[in-house]
Structure formats: C-alpha cells, structure tokens
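Protein chains: 2
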Amino acid sequence: MKLRRSSRLVDMTHYLLYHPHQLVPLTFFAERYGSAKSSISEDLAIIKQTFEQQGIGLLRTLPGAAGGVQYVPKMSEAEAKQFIQQLCTRLADPDRLLPGGYLYMTDLLGDTRIVNQIGRLYASAFAHEQIDFVVTVATKGIPLAYAVASFLNVPVVIIRRDSKVTEGSMVSINYVSGSSKRIQTMVLSKRSLKEGANVLIVDDFMKAGGTINGMISLLAEFRANVVGIGVLVESEEAEERLVDEYVSLVKLTSVNVKEKQITVEEGNYFHFVK
Amino acid sequence: MKLRRSSRLVDMTHYLLYHPHQLVPLTFFAERYGSAKSSISEDLAIIKQTFEQQGIGLLRTLPGAAGGVQYVPKMSEAEAKQFIQQLCTRLADPDRLLPGGYLYMTDLLGDTRIVNQIGRLYASAFAHEQIDFVVTVATKGIPLAYAVASFLNVPVVIIRRDSKVTEGSMVSINYVSGSSKRIQTMVLSKRSLKEGANVLIVDDFMKAGGTINGMISLLAEFRANVVGIGVLVESEEAEERLVDEYVSLVKLTSVNVKEKQITVEEGNYFHFVK
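Same order as they appear, the protein sequences are chains A and B. Per this note's numbering, residue 11 is the first one in the first sequence, and the count goes up by one each step. Per this note's numbering, residue 11 is the first one in the second sequence, and the count goes up by one each step.
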C-alpha cells in the first residue's frame with residue numbers, strides 16, 4: 011500500500027525497533043510502501059539521525075545487493091550512568107534487608123520497565139559480539155535473559171535445577187557452589203542448544219561465581235563458546251572469585267545487618283563499554 | 011531541543027511504543043521538542059492513523075487539562091489468526107513427541123520473537139481491563155508473563171515452588187494437581203503483591219487446571235481479584251476441567267504416541283476477543 015513519507019517514518023520506526031540486529035533489505039521497505047528506493051534512503055537518513063541524536067541506537071546501512079539497514083540498540087553513556095545510579099539508590103534502601111543479610115530484589119526484577127532497560131544496557135554492551143543464544147539459570151535470571159535476547163534478537167536457553175519430563179533428554183552436571191560449598195546440580199535439555207554456539211551468560215547475582223562457573227562447565231558439554239557474562243549485581247564480599255571476566259551493573263560493597271546499612275556502587279560496566 | 015516534524019514523528023513513535031498504556035500529556039512532547047501543542051496534535055494524528063492502518067495498535071487521545079495521549083497495543087484479527095495458525099503448525103510437528111506423550115515446547119518458549127508476539131496478543135485481548143500485576147508460576151510461564159506485562163506496562167509477580175531466603179517471608183499453600191492428583195506446594199513472597207490488586211494470570215500449559223486453581227487459591231490469600239487467565243496451550247484430554255474462564259491460543263486435541271500424530275487447533279482466543 012502506498013504511504014506518505016510521514017506515515018512511512020512512523021511505520022519504519024516501528025518495524026526497525028521490533029527487528030533489532032536484523033538486516034532489512036531496502037527493497038523490503040520499497041515494496042511495502044510502493045516507494046522508490048531513493049525515497050526509502052532519505053527516510054532512513056532521517057531515522058538514523060533521530061535515533062543517534064535521541065540515544066535510541068545506531069542505524070547501520072550496508073551498501074550493495076546483499077545490503078540493507080540494521081538497527082542496533084545502543085544506550086548512551088549519559089543514560090546508562092543515570093539508570094545505574096538509580097538502581098544503586100534503590101538497592102541501598104535499608105528496607106531491602108532480609109534476615110541473614112540477604113537483599114530483597116524481587117520488586118526490581120518484577121518491574122518490566124527496569125528489566126527492559128537492563129536488557130538494552132547489555133544488548134548495547136555486547137552489540138559488537140556474534141551471539142547465537144542468551145543463557146541463564148532458573149529462576150531469577152530469566153526475565154533479564156529475555157530482555158537482553160529481545161534486543162539482540164536471539165533465542166534464550168534456560169538451564170534448570172531439576173530435570174522435567176517435558177524437556178526430553180538432558181545433560182546434567184554437579185558443581186560446588188562458591189559461597190555455600192554445597193554440591194548442586196544443573197541440567198540442560200539436549201535439544202535446546204546446538205553444538206558450538208556462541209553464548210552470552212546472564213544472571214541476576216554473583217557472589218563467588220560458583221553458579222556461573224557451573225554454567226560454563228555445563229555449556230562446555232555443548233562445546234559452546236562463552237563470549238560474555240553479564241550480572242546485574244556482584245557482591246564484593248566473596249573471598250575468592252571463580253569467574254574473572256564479567257560485566258556487572260551494580261556492585262554490593264557491604265551489608266551491615268546491625269546498622270541496617272547497605273552500600274552499593276557502580277559495577278564495572280563502564281570499564282567494559284569504554 | 012527543537013526537532014523538525016520528521017524527526018519528531020520518529021522519536022514520538024519510539025517513545026509511545028516503549029510506554030504503552032501510559033497517559034502522556036501533550037505538554038510533555040511540546041516541551042521535549044520546543045513545539046506548539048497544535049503541531050504535536052497534528053503529529054499524533056499522523057501516528058494514530060498509521061498505527062491503526064498498519065495494525066500496530068490504537069492511539070487514544072483524552073482531551074482536557076488532565077488529558078494526553080495513550081498507546082494501546084492491539085493486534086489485528088488477521089495478524090492474530092495467521093500467528094496462531096503458525097503456532098498450531100509448529101506444535102503439530104511429530105518431532106516434538108517425548109516419551110510419555112509429552113510435547114517439547116522449549117524451543118518456542120525460547121524464541122523471543124514468538125514470546126513477544128504472544129505478549130502482544132494477550133495485551134490486546136485484555137487491553138480494556140484494569141490490571142495491576144501479571145502473575146505466573148515458575149518456570150515456563152515466566153517469559154510469557156513478562157512479555158504480556160511489558161505490553162500492558164505493569165509489573166510481574168512470580169509464584170514459586172520452593173521458598174527462598176532472598177524472598178523474605180512467604181505465604182504458602184498446598185493444592186492437588188488436577189492431572190496427577192499429587193499434593194503440591196506454591197509460595198509467594200508477602201511483599202510481592204499488594205492487597206486487593208487486580209491480576210492477570212498467565213501460564214504456558216493447562217490440562218485439568220490444577221496449577222491455575224492453586225494459583226487462584228494462593229492469590230485469594232492476598233485478596234487479589236483475578237480479572238483474567240491466559241494460557242498458551244490447553245489440552246483437551248483433561249477428564250474434568252477445574253477452571254472455566256480462560257483464554258487459550260492453541261488447543262491440543264489429541265496426541266497419539268504410537269502413530270506419532272499430534273492434533274492441534276485454534277484455542278478460544280477469538281471467542282473471547284469478539
């Protein structure tokens with residue numbers, strides 16, 4: 011159907027936002043709107059400029075017959091700084107303290123706006139990597155994994171604690187939890203991950219890194235290539251860190267149950283993206 | 011910063027898409043772009059027309075001082091039909107058959123594009139309801155719940171099978187599973203849901219409805235008002251259905267393990283939305 015420029019801009023913006031990291035041939039839009047390719051190019055130039063100016067992301071245009079346009083979600087450093095600062099403030103609220111010095115974070119992880127922003131942040135940080143799957147472990151990392159994967163336009167694979175009849179045959183490993191030193195189990199459905207895939211690991215919390223280490227071992231059974239690790243909150247209290255390279259948004263530096271004080275600071279995100 | 015109409019259309023489209031169901035005052039956009047309210051109204055008329063024509067959703071404009079504009083995601087009947095048909099075809103693939111007659115669905119639930127479309131479908135079906143929270147039970151319903159909640163712009167609450175120290179005090183119930191007749195447990199963190207909230211229940215699969223019935227009982231402890239129930243797949247094989255009113259996208263009518271045949275048809279979605 012033939013559309014005017016103003017309507018094309020609205021529809022193309024919608025299309026690109028819902029198909030991130032996908033190369034869309036110019037002919038696709040030209041046919042969709044019954045327009046000349048030159049008009050589409052002009053439209054894309056406007057969208058590209060606005061996306062960059064407003065901190066929405068990049069619009070890559072690849073020339074040639076196999077070319078097209080690709081929307082890459084990117085969060086500006088200023089927006090990322092502000093968002094991470096807000097997270098720190100909310101996490102430092104003493105009302106979050108639970109018996110045993112644990113932190114209640116379920117409200118933040120239930121907030122779809124926050125979860126989607128975290129997804130944008132990680133998709134932005136790993137935009138240049140070749141990623142086939144986002145992997146997490148049940149339960150709390152799941153929303154974060156889906157948010158990141160939506161912005162990267164790749165599927166999610168969920169490692170479970172128990173095997174289920176609806177998952178088919180599974181590969182399982184035992185691992186030692188870094189903090190509690192207990193032996194735990196993780197399982198992954200055999201069909202869920204193809205051999206040799208490039209994966210990004212995402213989780214909500216990391217202390218010693220035992221769980222993430224376990225995930226790496228399990229993924230090795232699938233000959234997966236771990237291209238990155240993203241954790242929402244890292245805790246500095248770990249005696250010994252089992253995982254070296256990861257990207258954290260927030261660092262929990264100390265929890266004082268008696269004084270009801272939680273100290274939170276920026277994670278290493280900006281070291282990584284710079 | 012002052013923007014031209016073409017750039018305003020791109021930025022406003024992005025803003026509205028990422029803030030569904032939120033009333034945005036016209037002055038917000040007028041100040042954001044240094045434009046007159048009359049220009050903003052003209053922009054919105056273009057966006058409204060394009061959103062409706064392209065099946066993106068509705069743009070409601072509320073007049074007056076407390077008014078503004080609100081984007082309501084809506085999927086057209088034609089798009090919904092086509093999407094549900096594709097789901098049926100993919101679910102009927104005999105490769106999904108697992109020992110015991112179970113169906114492997116993890117690949118579909120791991121596909122962020124499919125999950126987001128399911129979210130749009132349910133948000134579309136329940137757009138006219140007052141919903142404060144989307145509630146699901148770990149694990150498989152979680153991605154669906156987040157997708158729906160993102161389009162409705164409300165938080166998600168996850169019922170768990172086991173209590174966790176990071177959840178604080180919990181309310182728990184025992185219930186009888188409809189199919190296996192076993193007694194099972196569900197727990198919900200006390201802080202996660204405020205009393206008297208309007209909730210939408212979302213889950214991936216329903217046979218007799220025992221799990222959903224259990225969720226309703228647990229939610230009653232929070233005096234929650236269940237305004238709707240959405241299930242991705244309902245199985246017709248249940249002898250007795252414990253839940254009457256629900257919206258399903260797909261109905262599994264028969265599974266023949268010996269012949270390797272799965273029969274799937276449209277659920278009751280279109281009865282509900284009409």
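These aren't lab readings, by the way, just hints derived from the structure by calculation. Possibly wrong hints are sitting among the right ones.
Any copy, or any two copies together, can satisfy a pair, since identical chains are not distinguished.
[Stated by the list, open to error] Okay, derived cross-link-like pairs now, DSS-like style, lysine-lysine, Cα gap no bigger than 30 Å in a straight line:
#, residue 1, residue 2
1, Lys47, Lys191
2, Lys58, Lys270
3, Lys12, Lys191
4, Lys268, Lys12
5, Lys47, Lys268
6, Lys261, Lys200
7, Lys91, Lys191
8, Lys261, Lys58
9, Lys47, Lys58
10, Lys200, Lys91
11, Lys58, Lys12
12, Lys270, Lys47
13, Lys47, Lys174
14, Lys200, Lys12
15, Lys47, Lys204
16, Lys12, Lys91
17, Lys204, Lys268
18, Lys174, Lys191
19, Lys268, Lys174
20, Lys191, Lys58
21, Lys47, Lys261
22, Lys12, Lys47
23, Lys200, Lys58
Just so you know, these numbers come straight off a predicted model, no measurement behind them.
Now the hints, each set against the structure:
{"no.": "1", "hint": "Lys47 - Lys191", "result": "neither (62 Å within a copy, 62 Å between copies)"}
{"no.": "2", "hint": "Lys58 - Lys270", "result": "neither (48 Å within a copy, 50 Å between copies)"}
{"no.": "3", "hint": "Lys12 - Lys191", "result": "neither (65 Å within a copy, 58 Å between copies)"}
{"no.": "4", "hint": "Lys268 - Lys12", "result": "neither (68 Å within a copy, 52 Å between copies)"}
{"no.": "5", "hint": "Lys47 - Lys268", "result": "neither (67 Å within a copy, 54 Å between copies)"}
{"no.": "6", "hint": "Lys261 - Lys200", "result": "between (34 Å within a copy, 26 Å between copies)"}
{"no.": "7", "hint": "Lys91 - Lys191", "result": "neither (35 Å within a copy, 52 Å between copies)"}
{"no.": "8", "hint": "Lys261 - Lys58", "result": "neither (35 Å within a copy, 43 Å between copies)"}
{"no.": "9", "hint": "Lys47 - Lys58", "result": "both (16 Å within a copy, 25 Å between copies)"}
{"no.": "10", "hint": "Lys200 - Lys91", "result": "neither (40 Å within a copy, 32 Å between copies)"}
{"no.": "11", "hint": "Lys58 - Lys12", "result": "both (22 Å within a copy, 17 Å between copies)"}
{"no.": "12", "hint": "Lys270 - Lys47", "result": "neither (62 Å within a copy, 49 Å between copies)"}
{"no.": "13", "hint": "Lys47 - Lys174", "result": "neither (51 Å within a copy, 57 Å between copies)"}
{"no.": "14", "hint": "Lys200 - Lys12", "result": "neither (47 Å within a copy, 54 Å between copies)"}
{"no.": "15", "hint": "Lys47 - Lys204", "result": "neither (38 Å within a copy, 53 Å between copies)"}
{"no.": "16", "hint": "Lys12 - Lys91", "result": "between (42 Å within a copy, 24 Å between copies)"}
{"no.": "17", "hint": "Lys204 - Lys268", "result": "between (49 Å within a copy, 28 Å between copies)"}
{"no.": "18", "hint": "Lys174 - Lys191", "result": "both (26 Å within a copy, 18 Å between copies)"}
{"no.": "19", "hint": "Lys268 - Lys174", "result": "between (42 Å within a copy, 22 Å between copies)"}
{"no.": "20", "hint": "Lys191 - Lys58", "result": "neither (51 Å within a copy, 58 Å between copies)"}
{"no.": "21", "hint": "Lys47 - Lys261", "result": "neither (49 Å within a copy, 44 Å between copies)"}
{"no.": "22", "hint": "Lys12 - Lys47", "result": "both (13 Å within a copy, 29 Å between copies)"}
{"no.": "23", "hint": "Lys200 - Lys58", "result": "neither (41 Å within a copy, 46 Å between copies)"}
Figure legend: structure checked against the earlier numbered hints; hints not met, in rising order: 1, 2, 3, 4, 5, 7, 8, 10, 12, 13, 14, 15, 20, 21, 23.
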